[in-house]
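S.K.: Single-letter residue listing:
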Amino acid sequence: MKQADIAVTGLGLVTPAGHTTAENWATLCRGRSTATADPLLEGLPVDFSCQVEGFDAEAELGRLAERLDPFTRFAVVAARRAVADAGLDPLTWRKDRIGVVLGVTGNSLVTYDSEYRRLGAGRPDRVSPLMVPRSIPNMAAGEVAIDLDARGPNFIISTACASGATAIGTARALLHSGVCDIVLTGGAESARSRMISTAFARMRALSRRRDRPHLASRPFDAARDGFVLGEGAAVLVLERPSAARARGAQVQALLRGFAASADAHHPISPHPEGRGVLQAIAAALEDGGCRPRDIGHVNAHGTSTPRNDALEAAAIVRIFGDHAPPVTAPKGVVGHSLGAAGAIEAAYTVLALRHGMVPPVANFEDQAGDHKLDIVAGSPRPVSTGAALTFSFGFGGQNAVLLFTAD
Amino acid sequence: MTDPSEQATLPENLITLLTDHLKVSMPTEQLSPTTTLEDLDIDSLALMELVVAAEETFGIVLPDDLLDLSPSSTLGDAARVFHEAG
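Heads up: the sequence lines are chains A and B, in that order.
Residues 1 to 407 in my numbering are what the first sequence lists, from first letter to last.
Residues 408 to 493 in my numbering are what the second sequence lists, from first letter to last.
Don't read these hints as lab results, they were simulated from the structure.
Small disclaimer: the values here were computed from a predicted structure and weren't measured.
Everything hinted at is true.
Facing chain B, a subset of chain A residues (Cβ under 10 Å, in silico):
1. GLU66
2. ARG67
3. ASP125
4. ARG126
5. SER128
6. LEU130
The C-beta atom is built at its ideal place from N, Cα and C for all residues, glycine as well.
Generate coordinates for the entire structure from the input sequences, incorporating the hints supplied.
M.R.: If you want it as structure tokens, here you go:
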């Protein structure tokens, strides 16, 4: 059965592409990667990333900044921006009806290096008592609730690199079920830690272009060699369209369909025929009452890893046949922020629908393989069809697909 | 239970941490050994921040006792823990 549409009435973004939606959109449309050498990762086999730069946490958050790890700082600031963008006032909203559902992959490891060193050196008395409250992943949602006095259901979703998108789909269900009037949803993560870089490098998942980091993230390009670590947060304000209209809020886009699936196949390798991915895409289309030809563009998961992009391209061709819509993949510009990525890209999909433009894939020059896609490259491309899909696929074979329409 | 000699002044580094790090709103000259943690909005989490900041800023490893202080504990009580840490 077709579910009721849900309105997106606010966006907040803190990413390597900027700290406002306007900055994000401008950077995205330039189509150039934000990856640079990363002082935090100095001396490691992969020592570059896409970083949130020029973010003055103390100016944004005051004293709070010091006890929060980066992922939570990004979440709180993105949530504030989204709420302001939606024209909501946390002093007057029905607090117990405001939910917060964010996607976060795992513990923030930023401070773990030094704390494990203390433990390893036989000094448990020197381990920071703030270690737990600043690093556990659910704190992103918890701190947003404290900051904005949002007292409804509050939790995080962890589906690896699909977390942000799964969170948005789950938030929509809270509105459908009537549990919440408004849900602040999205994702937050910083993948910039020495252990994360080392661990993914050991899996051979990261690009090794240390000499030219700005060319490293190149989704679907024939010369791709792995993904680039990123960080950031995106928060979307979701509410029922009738409620949005009643308070005179601008509806920026409609969240029309969602589906999630499991490959039920392998912990880290996607199913070779894209079983779970195809199932999720088909179910999201059905959930949104759309056919493939209704879709004007696809925001692909597109990590820039050789095998995953090839399998995703095959799945897109399988669904759309010879008439696949234009495809974009923002990880070329902003890197891969793991749990935040699906939410950041959902926000970008909303922006693309609002502008009627699909931003280009950074560093895309040429495709190899049997499944050629219509990749948007070089400059943004105008689109007239106001419906888009965004894909997010995670380790564990966990897949999430969102369907947005312009109105 | 505070020694009278400790009543008169609070350790300089404690004052610095309260004002610069925890950014308590009370003016420095009003901070006294009888000021309670509650007066300054210092809760258990803020005490944890104090422990971390004391080590980062002054290299002082405060004993766990500091985290056992309650809202009604005073800066004089906190000062005693600082003295114990040397």
